[in-house]
Each structure stands twice: as C-alpha cells, then as structure tokens.
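FYI, the numbering used here numbers position 12 of the sequence shown as 12, with every residue one higher than the one before it.
These are calculated hints, taken from the structure and not from any lab test. Be aware that one or more of the hints could be misleading.
For lysine-lysine, the following DSSO-like pairs were computed, each having C-alpha atoms within a straight-line distance of at most 27 Å [to be verified]:
#: 1; residue 1: LYS51; residue 2: LYS3
#: 2; residue 1: LYS22; residue 2: LYS44
#: 3; residue 1: LYS44; residue 2: LYS65
#: 4; residue 1: LYS51; residue 2: LYS22
#: 5; residue 1: LYS3; residue 2: LYS65
#: 6; residue 1: LYS51; residue 2: LYS65
#: 7; residue 1: LYS22; residue 2: LYS3
#: 8; residue 1: LYS65; residue 2: LYS46
#: 9; residue 1: LYS50; residue 2: LYS3
#: 10; residue 1: LYS3; residue 2: LYS46
#: 11; residue 1: LYS50; residue 2: LYS22
#: 12; residue 1: LYS65; residue 2: LYS22
#: 13; residue 1: LYS3; residue 2: LYS44
Pairwise CB distance ranges (calculated) [claimed, not checked]:
#: 14; residue 1: LYS3; residue 2: SER35; range: 10 to 20 Å
#: 15; residue 1: ASP58; residue 2: PRO10; range: 11 to 21 Å
#: 16; residue 1: GLY45; residue 2: ARG21; range: 27 to 37 Å
#: 17; residue 1: LYS51; residue 2: GLN28; range: 13 to 23 Å
#: 18; residue 1: GLN32; residue 2: ARG67; range: 28 to 38 Å
#: 19; residue 1: THR63; residue 2: TRP2; range: 25 to 35 Å
#: 20; residue 1: LYS65; residue 2: LYS44; range: 10 to 20 Å
It should be emphasised that the depicted structure is a prediction, and the values quoted were computed from it without experimental measurement. Every residue gets a Cβ at the ideal spot worked out from N, C-alpha and C, and that includes glycine.
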Amino acid sequence: MWKAAEQVNPWGGGDAVIDARKVGLTEQTARQHVSEAVAEAGRKGKPLPKKIHVILGDGSMITIKGRE
C-alpha cells in the first residue's frame, strides 16, 4: 500500500488494489490492517491512496477509504 501511495501521490492520489487471494485474507483481517495502516500514515504524514481495494481470499473485493 505504501508503494502504491508513493506512485500515485504526485498525480493527486488514486486507487490501490491489493490482491490477497493467494494468502486467504479475510474481510475482518483486511479491514483491521488497512485501518492500522491509515492511522499510521496519518501519524507519520505518509501519503495514502484515495481508495484501497482488497481482493479477499474468497475472490470477493472490498473497498476502504484511504485519504480525502
């Protein structure tokens, strides 16, 4: 997510897609870790994508708000 944010930040932000199918990521775990990363980015002043799309282990996808 950090690398994606650095790539899109010069153009005003954008979306990041994280494909977690191979590791079997669940929605609960994805939301927890993305929330922690968003909080850390805020504390450290790191850029974030506007939206983070996570493809879960079951093939479904969730979208989590990054930064405004």
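Taking the earlier hints as the rules, which of them does this structure contradict?
Numbers 2, 15, 18, 19 - these are the hints that the structure violates, sorted from lowest upward.
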